[in-house]
Amino acid sequence: MLLSLILLPFIGSLLPLLAAHKGRTVCSWLTAAPPACALLLLLSTAPAVFQGELLTIRWDWIPALGLNIGFRLDGLAFLFALLILAIGLLVILYGHYYLSAKDSHGRFFSLLLLFMGAMMGVVTADNLLLMVVFWELTSLSSFLLIGFWGHRRDARRGARMALTVTGGGGLALLAGVMVIGHIVGSFELSDVLAAGDILREHHLYPVALVLVLLGVFTKSAQFPFHFWLPHAMSAPTPVSAYLHSATMVKAGVFLLARLYPALSGTELWFIMLSLVGLSTMTLGAVVALFKHDLKGLLAYSTISHLGLIVLLFGLDTQLAVVAALFHTVNHATFKASLFMSAGIVDHETGSRDIRLLSGLRHYMPITAALGLIAAAAMAGVPLMNGFLSTEMFLGEAIEQRVLGGWSWLIPAVAVFAKVFSVAYALRFIHSVFFGPKPGPLPKQPHEPPFFMRAPIVILVVLCLAVGMLPALIVGPLLSVAAASTTQTILPQYTLEIWHGFNLPLALSVLAMVLGVFLYSQRHRLFNLWNRLPPLSAPDVFEFILHSILVQGSRRITKLLESGHPQNYLLILFLFTIALAGAALLQLPSLHGGVSMTAIDFPSLAIAMTMIVAALGTAILHRNRLTALLFLSVVGLGVALVFARFSAPDLVLTQLSVEVVSIILLMLILFLLPRQNQRDSSVQRLWRDAVVAGVGGLSLGILTFAILTRPLDSISKFFLAESVSGGGGTNVVNVVLVDFRGFDTFGEITVLAIAAIGIFGLLDGMRLFNPRHLGHHYAKDRHPMLLSVLNMPLLPLALMVSLYIFMRGHNLPGGGFIAGLITAIALILQYLTNGLNWTNERLNDNFHPLVASGVMIAGLTAMGSWFFGMPLLTTAHTHVHLPVLGEIPLATAMVFDLGVYLTVVGATLVILENLGKLKPFTSQPTTEP
Amino acid sequence: MSHLVLIPILIPLLAGALSLVSWRSLLLQRWIAVVATGLLLLVSIGLLQLTREEGFVVMHVGGWAAPFGITIVADLLSAIMIVMTGVIGFTIAIYSMAMTPERHERFGYYPLMHLLLAGVSGAFLTGDIFNLYVWFEVMLLASFALLTLGGERAQMEGAIKYVTLNLFSSAIFLSAIGLVYGTVGTLNMADLAYKLGQVEHSGMVNVLALMFMVAFGIKAAAFPLFFWLPASYHTPLVGISALFAGLLTKVGVYALYRFFTLIFNGDVDYTHNILLWGAGLTMVSGVLGAAAQFEFRRLLSFHIVSQIGYMILGLALFTPLAIIGGIFVIVHNIVVKTNLFLVSGLVYRLLGSYDLKKLGGVYRHRPGIALLFLVSALSLAGLPPLSGFVAKFLLIRAGLEVGAWTVTGVALLVSVITLYSMLKIWAEVFWKPVPEGVNTERLTGEKPDSQLWLLLLPIAGLAACAVLIGVNGQPIYEVLEAAAEQLLNPALYIEAVLGDQP
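As they're listed, the protein sequences go chains A and B.
Plus 3 on top of the position in the first sequence (first one is 1) and you've got the working numbering.
Plus 46 on top of the position in the second sequence (first one is 1) and you've got the working numbering.
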């Protein structure tokens with residue numbers, strides 16, 4: 004039953020959406036049904052709750068985290084649930100008349116019920132985390148409801164501000180709850196409430212308390228987080244009445260009550276709550292008087308009353324808790340009815356500006372009478388509910404000793420605030436409903452429909468009933484709620500209209516008299532107020548966000564994200580050097596103990612050549628062709644290094660890679676200016692040189708340090724296993740196609756991707772006419788000698804590559820090198836005979852060729868599965884062929900064929916596309 | 047059954063080759079994309095199941111036992127990442143059916159997409175550091191090619207930054223591999239971990255660890271190495287952006303997780319402290335970068351960076367709960383971030399712009415789309431009961447447990463700013479009325495769009511995931527708990543790969 008109490012509004016939130024097209028009336032009825040059922044359910048639990056029973060249910064959600072779905076219904080939860088459901092029903096009735104035909108009823112009511120469900124969740128949750136979940140849901144639904152008229156800028160701003168503040172507070176609350184859970188070891192409410200002493204003595208208690216209170220203060224609009232509430236008033240009035248006066252803003256108050264046994268009783272608690280409450284109460288009351296917008300006035304009044312309630316929780320007496328809960332209920336009734344009255348005024352006159360409105364009692368006498376009673380309750384006039392709770396408040400304010408010697412400050416300030424609250428209540432009534440008839444208004448004022456007024460009638464009757472018969476109407480409810488809040492036996496108190504002549508009464512009377520006087524002097528006060536510099540909360544809020552967040556971050560982002568890759572690289576280099584260098588500096592010694600081999604002349608010569616060539620590339624980079632030549636020298640140097648250390652395979656690979664890449668680069672150079680501009684200042688060049696030098700040196704030192712340390716590697720295994728396991732004497736090739744064939748598979752994929760990528764990249768690229776770039780060309784496009792010599796070269800080269808391919812498994816060679824050789828031979832054909840000539844003789848769609856290479860390699864690899872072996876397992880044998888002699892055959896060779904095909908295909912795709920690049924003006928780069 | 051561990055790599059590889067073969071038939075390529083990614087998803091779920099039963103699924107390619115051959119290993123983390131790859135791949139394949147101009151398709155959109163997925167899967171599954179490098183190269187080249195597809199100027203600019211900075215990462219990575227081989231003489235991760243565990247942790251290992259950290263930090267887009275990401279992610283086709291946003295940086299994060307739990311765990315005070323700083327600064331710099339943005343995808347790109355900080359935070363705190371939280375963030379973020387990009391593409395299709403100032407009115411005309419966005423956006427900001435909430439909850443709790451107050455506070459603060467940022471999008475794109483002069487024919491449905499469901503389907507699916515991950519947290523938590531346990535007990539991994547060591 005408890006579950007259906009919470010689920011009903013949630014399920015109900017779908018109904019209005021489904022019934023949206025059935026018309027407004029059906030929609031409203033369907034909206035009202037679930038909360039009505041829930042209310043009946045709630046009332047049916049009343050006997051049990053009033054006897055002090057605790058109804059609970061629970062399921063696991065993520066038990067490992069202490070996150071459970073549990074609900075509890077005790078006196079406190081009952082009190083709030085009653086408020087939520089009952090006022091919710093009244094608001095639905097009111098909203099039915101309030102919304103115009105243009106507004107989407109379905110969406111509005113759906114969100115309203117969503118909020119109602121979330122709020123029910125907050126007050127009944129038995130697990131603190133679950134409560135935070137619902138807490139955030141209320142913020143969210145409030146956000147969507149404030150922005151219901153999203154086309155209005157003030158609504159969007161108000162909604163964003165509300166959610167940022169309350170959502171942020173929710174996160175603080177989450178953190179606070181987690182600290183509590185950390186201390187207590189459980190998030191279950193019963194555990195937490197029982198662990199009050201442990202909590203208060205723990206060294207993290209202040210952290211937990213401050214975080215939880217941040218959540219409370221943001222939600223209940225306490226100073227200095229109060230500013231979002233007045234701007235939430237751009238919501239439709241039913242929302243203001245329901246969320247932003249009666250229920251949601253009370254969630255903070257509820258939390259104070261809920262955690263009262265766990266967190267209260269310390270100096271920090273009293274000081275924080277009393278000071279924040281006191282300042283909020285005063286600030287709200289003062290500002291409310293000066294608001295010309297009806298809803299703005301009510302919003303600040305709400306802030307002020309919330310401050311009062313928070314202050315009550317901060318007083319060190321048990322009765323203050325009773326007073327706080329009592330005032331929560333009273334405030335909900337009179338403030339909701341006042342909001343509804345303000346909504347009616349707005350609805351029927353088209354204006355909410357107090358300066359324009361006047362004498363409305365002539366047009367809407369009943370509304371005026373109802374507003375008068377509600378405002379009297381707000382001002383704390385005797386016989387109204389507001390009087391009783393403010394009286395209790397003043398009594399407790401006098402009794403408390405929270406601020407030590409300064410404790411008299413609290414009643415003094417309370418009277419001061421009350422003076423203002425009497426004045427603004429007077430203003431709300433007198434300026435709007437009394438006085439002369441108003442000037443021209445957007446609409447001709449008249450009474451609203453009866454049922455739009457009905458909710459106000461009910462609430463006002465309640466105000467009076469509670470005010471006159473408190474013990475009968477709310478007595479039991481209040482005592483059971485207060486008992487479950489403090490979890491102790493309450494001291495004796497009486498709810499009566501008449502307590503005799505005492506100090507609180509005297510203060511009340513004083514405040515009333517002063518309030519009336521203040522109101523009579525209001526014009527002077529307004530003049531004074533107008534002289535103050537205007538300050539608009541959304542502007543300040545946006546200003547802070549804009550100047551600090553947006554501007555600041557823009558500056559930081561500019562600093563880091565300059566848009567220049569040079570700067571990015573610089574940061575990357577510096578960061579890497581700093582990080583790795585710092586670690587390097589911590590090494591006790593760089594030299595690891597292995598003695599170094601003597602320097603021989605060839606090594607030295609190769610090294611010097613490479614260094615000079617590398618420097619040449621860097622220094623002469625502006626002259627591209629020269630730089631490229633130097634670069635090729637570096638590449639050849641690498642080949643020589645391989646040769647020096649007896650790695651013929653790598654030499655062959657390096658050489659052919661070098662040839663292919665230099666040719667391709669040459670083709671590109673043709674499309675670029677011969678020289679590029681000097682684009683760096685001298686200082687910058689030096690800076691870059693230093694960074695590059697330090698980087699290179701660091702890596703050199705690191706390599707030195709590692710090479711001088713002893714090493715035991717897995718290489719010996721490869722040497723030992725190459726023939727027996729891989730069936731080939733060329734260890735490099737066996738490593739490539741067998742031991743680490745999977746790497747090769749990946750690498751040919753890279754090649755295939757490069758081919759596709761370049762195809763897409765170069766297509767349709769239009770370039771400047773190379774003639775304008777300062778290139779000079781030989782007149783003879785396809786030199787005779789070259790093409791003649793080239794003719795026989797192709798078959799020869801193909802033969803060589805076949806030979807290299809076949810012997811690869813045993814002697815230097817293999818598919819990769821063979822593929823490169825074939826590619827070089829074909830490149831030569833393109834170079835000497837032109838693109839079209841060659842393409843006529845070759846299929847110019849090389850993508851399938853590339854793909855077939857990858858496929859062959861992949862399928863060969865998977866072939867081993869048919870023999871129940873792991874992927875890429877090879878088999879090998881030897882066959883004797885005429886002419887070629889003994890040929891070792893290994894399945895790895897089929898794999899190698901895949902490699903070969905991919906290399907050839909990819910190179911051809913790249914080459915063909917580079918050749919196809921066309922300058923703007925026709926330039927005979929290809930065969931005519 | 048251990049062959050299963052290779053299938054997630056082979057499916058996209060072969061699908062890529064098949065698409066290449068059918069270069070001229072776009073229809074065929076589209077269907078290959080959907081079928082292959084669908085298969086990948088199914089297989090990945092199977093693999094996860096198998097990993098849950100057996101702990102580790104190990105496969106020695108070519109039959110060469112570790113450490114001599116290349117070992118492919120799936121532990122729970124890998125298997126989870128593969129499932130996410132499947133989810134995102136499948137989603138993007140469907141989305142691409144409606145969102146890819148023919149020009150892109152003709153230039154190899156689908157083959158590249160498959161090969162990218164192959165690279166991602168390979169990186170998640172390999173147990174060999176050089177093989178990891180190979181898959182990184184596959185990814186890098188495929189992603190570069192995808193970035194440039196379309197050939198617009200902005201794309202070229204972005205792609206050049208992307209490839210330059212990533213090549214720097216590759217260079218560092220490769221150097222580090224060489225140096226590692228020069229130090230311990232092995233490439234197999236398990237063997238490496240074992241051998242490093244045998245010797246006394248020397249300063250040299252820290253140097254190597256930091257080089258890997260830089261290389262992967264660039265890939266993961268951590269502070270201060272993330273520049274390439276916001277410079278390029280908003281330029282390509284939106285499906286590509288979404289794919290990258292979902293998966294690419296996570297490979298870098300995954301590599302960090304793998305290396306800094308399995309291999310470099312000897313001097314945690316030193317290495318993981320650096321990671322902690324990196325995590326905090328990444329979170330902050332990313333979210334601040336986002337605050338200044340008014341381009342839908344650029345804004346989201348900065349949030350990727352910010353979220354990477356959370357993921358690294360989990361690793362840096364290095365407690366079981368923190369690791370669980372970190373992986374949870376990864377999983378949640380892959381779903382949610384991809385979805386936000388997909389929504390941006392959908393809005394682009396309806397209104398023709400990515401500029402927040404030129405968008406509006408979507409809530410009014412298409413409340414369903416607005417709801418889908420809101421689910422993802424609020425999940426990103428960590429609002430309950432969505433996936434991001436559980437993720438953030440885990441991390442914050444882990445942070446509190448070890449008393450890392452500052453970084454926990456930063457994490458909370460950053461999520462407030464994230465929320466603000468998401469609300470900015472909401473207010474601009476969804477609430478604000480459509481600005482003057484914007485063509486609303488598609489938005490209002492005057493001009494019907496028969497393929498819109500192909501875009502809505504993946505978005506709705508991912509949004510449902512975001513809700514389910516949050517609501518159905520317990521089973522996911524259990525899997526992640528087991529994954530974290532594996533990560534924090536490297537001996538299990540070593541034994542699974544190498545067998546019993548003396």
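Note that these hints are calculated values from the structure, not bench results.
Be a bit skeptical, because a hint or two may be false.
Claimed, not checked - Lysine-lysine pairs mimicking BS3-like chemistry, simulated, CA-CA at most 30 Å apart: (1) 493(B) with 561(A); (2) 403(B) with 105(A); (3) 403(B) with 561(A); (4) 294(A) with 470(B); (5) 403(B) with 470(B); (6) 294(A) with 446(A); (7) 719(A) with 241(B); (8) 105(A) with 470(B); (9) 446(A) with 105(A); (10) 470(B) with 561(A); (11) 404(B) with 25(A); (12) 241(B) with 105(A); (13) 493(B) with 105(A).
All of these numbers come straight from a predicted model, not from anything done at the bench.
Violations among the numbered hints, reported as their numbers in ascending order:
1, 11, 12
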